[in-house]
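Kindly produce the complete structure, drawing on both the sequences and the hints.
Quick note, the sequences are listed as chains H and A, same order.
If you count by this note's numbering, then the first sequence holds residues 6 to 494, one letter each, in order.
If you count by this note's numbering, then the second sequence holds residues 17 to 159, one letter each, in order.
Treat the hints with care, since some could be wrong.
Derived lysine-lysine pairs resembling DSSO-like cross-links, with alpha carbons at most 27 Å apart [unchecked claim]: (1) A:LYS52 / H:LYS471; (2) H:LYS34 / H:LYS10; (3) H:LYS358 / A:LYS100; (4) H:LYS358 / A:LYS24.
Each pair of labels, with its calculated beta carbon distance range [stated by the list, open to error]: (5) H:GLU75 / A:ILE39: 54 to 62 Å; (6) A:SER113 / H:THR64: 35 to 43 Å; (7) A:GLU154 / H:ASP385: 20 to 28 Å; (8) A:SER113 / H:LEU366: 28 to 36 Å; (9) A:PHE134 / H:ASP398: 52 to 60 Å; (10) H:LEU137 / A:ASN80: 56 to 64 Å; (11) A:ILE50 / H:THR64: 49 to 57 Å; (12) A:ASN30 / H:PRO160: 51 to 59 Å; (13) H:ASN431 / A:PHE134: 35 to 43 Å; (14) H:THR409 / A:SER35: 26 to 34 Å.
Simulated from the structure, these hints should not be mistaken for laboratory data.
Every residue gets a Cβ at the ideal spot worked out from N, C-alpha and C, and that includes glycine.
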Amino acid sequence: MKKIKSVLIANRGEIAVRIIKSLKKRSIKSYSIFKIGEEDLPHVELADCSICLGDGSLTDTYLNMDKIIEIAISNKIDAIHPGYGFLSENAKFCEEVKNNNIIFIGPSSENIVQMGDKITSKEVAGSAGLPLVPGFNVEKISSEEILSINNIGYPILIKATAGGGGKGMKLVNSEAELQEAFESAKREALNAFNNDRVFIEKYIQSPRHVEIQVFSDSHGNHFHIFDRECSIQRRHQKIIEEAPCPFITENTRNKMIESALKLCEKINYIGAGTVEFLVDCDQNFYFLEMNTRLQVEHPVSEFISGIDLVDTQIDVAEGKKIDLSKISKKGHAVEVRVYAEDPYNNFLPQIGKLKLIVEKLPNNIRLDFGYKSGNTITTDFDPMIGKIIVYADSREECLMKLSTVLEKVVILGLKTNLSFLNDIVNNDDFKKGDTLTSFIETHQNLTKVGSDIPDPVIAAIQHIYKIDKSNSIQNTNYNLYEQFYDWRI
Amino acid sequence: MKNLTINKNEVDLNKIITSDFKIIFSSEDKLILIDKDSIEHCFYLNSSNNELSYNGKLYKYKKNVRSSKTGNDDHEMISPMPGKIIKIFVSKDEKVSKGQTLLIMEAMKMEHAIKAPFDGIVESIFFTENQQVEAEVELIKLK
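As structure tokens, then:
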């Protein structure tokens, strides 16, 4: 047992900000890191102390294990919180941190190794009695593989062994698409994870993505904080998550929780984790993977359970026994991820200088943002700007509230998915709880931008030009053409 | 030519009678208009960027100061983002058909396939594999 007095957050953006908030509540000194040019980001400003990693690529900065550990040592920091992404599921980092007598706020490196490789994790889950989706490892495409795939049946998914976040993942509908998809998946995998191993898996049709939040302490106690529904995805990456899942029956929920806890016991899991399942239309569920870290969507579980997950992570890291056996769930929570991307043009990432305007919001709303007005969104990092999380007594009420909030949070300066998210939230199928992972593909109309410009918009622009003109009356050489020249649609 | 472009649509500014919409609030960030049916319309402004947000949707506008470019957008294969050319599948003078993948570029660790918008012949390829490209530059020209 060691009381943690200081924590270094080896991350950035909204998750670093969110961790700092829990640290402040416990009066733990927070240290954040940043690269040159990020001085005015919220995670730098909000931390008690922030240390510059210098400039360079990700490998030189947020993925630079030696540098991060050295910062922790030289500042006598007790513990490192890795957040999600970056080094959060890197067993070597976890090991190195511990070797330097620093507490790693997360699972054991053995846990990370066992669950980090998607093939090993399935073997382990299978041996613990969890149901699995049929699939196999693939190194090349020859007649043998083609035959095995035919036995499984198209469509199939090709996935990166070391992957996540949809990178290195390809959907293959027929043999004709196989070779190109296989090569593309390998290239993406190599690029994103420095490992081009891929595997093939049966594509479960009409599936939902439902996960169980688990929490274990270092004394062999394993608990759950209910389930989350994360089916609304684009490019196999979640954009809307909610708790509880509106689809699964109480019976399915209990069976999934039981499975998730069996896995935790099997691997002697420690800390916060997520066991992900695919659920088909008949309430059958299959183990997908386990994430050995805090998830992006953890706030919805916090809302329905009242548990601060980061706070509990620190308890576990300090060696305390936890007891979540008596928790109950109440109400409904929905999270939307706000991305700098153009939903009407293939979700292409967007860059620009952010202008964020937030009107007065109702209660029980969280805006977990990693950027503030004036910050620049670049292509260096994931295009997620932040998350909006809404809580209410019922799902229906929650969606209504979310829709009003989505109009009160205004982002200018670059294109975002805000209006797209609002269209989903107001979609009848979504409201019914018809949340399949294929939702966005089957609702293509949501990704088409309406071409008619409302009259009030034209009137507003008329007025803006008039106001501009009267403001710059003394500046008669004001060149309109120049003003628009560098502007491209 | 119409005098205003909003989100790629050419619009005639004189299409509406501005006096039907009166300003009831105006600041650097916000504009509220009231129409003749007494309905309020709220706009959030980013004038330096020629943008406004209305009912949760972003509108970019510009005045058309000279005739817009002649090319049809669909016929240009331009890079959507700064990134890297990963693979080029075609060579000069090759015949390609509509929808065929011409090259793959990578931006933010995601691959984007650039496909032929129509049947044609490759006239020029402006980059080679592994080359970095800026956003919105022409990658391939078909004829």
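Hint check results:
Taken as a hint, the LYS52 of chain A and LYS471 of chain H pair is honoured in the structure, with Cα atoms around 20 Å apart against an allowance of 27 Å. Straight-line distance between C-alpha atoms of LYS34 of chain H and LYS10 of chain H comes to about 6 Å, which keeps the hinted pair within the 27 Å bound. At roughly 23 Å between alpha-carbon atoms, LYS358 of chain H and LYS100 of chain A fall within 27 Å of each other, so this suggested pair holds. For the hint linking LYS358 of chain H to LYS24 of chain A, the alpha-carbon distance of about 21 Å falls within 27 Å, and the restraint holds.
Checking the proposed 54 to 62 Å range against GLU75 of chain H and ILE39 of chain A shows it holds: the Cβ atoms sit about 58 Å from each other. Here the CB-CB span from SER113 of chain A to THR64 of chain H is close to 41 Å, well matched to the stated 35 to 43 Å. At roughly 25 Å, the beta-carbon separation of GLU154 of chain A and ASP385 of chain H lies within the given 20 to 28 Å, and the hint holds. Distance hint for SER113 of chain A and LEU366 of chain H: a CB-CB separation of about 52 Å, inconsistent with the stated range 28 to 36 Å.
Taking 52 to 60 Å as the suggested C-beta distance range, the pair PHE134 of chain A and ASP398 of chain H conforms, at roughly 54 Å. A hinted range of 56 to 64 Å holds for the C-beta pair LEU137 of chain H and ASN80 of chain A, which are about 59 Å apart. For ILE50 of chain A and THR64 of chain H, the hinted distance range of 49 to 57 Å is satisfied, since their beta carbons lie about 55 Å from each other. For the pair ASN30 of chain A and PRO160 of chain H, the beta carbons lie near 52 Å from each other, so the given range of 51 to 59 Å is met.
At roughly 36 Å, the beta carbons of ASN431 of chain H and PHE134 of chain A sit within the given window of 35 to 43 Å. THR409 of chain H and SER35 of chain A have their C-beta atoms about 31 Å apart, which keeps the hinted 26 to 34 Å range intact.
Hint violations for this structure: number 8 only, all remaining hints satisfied.
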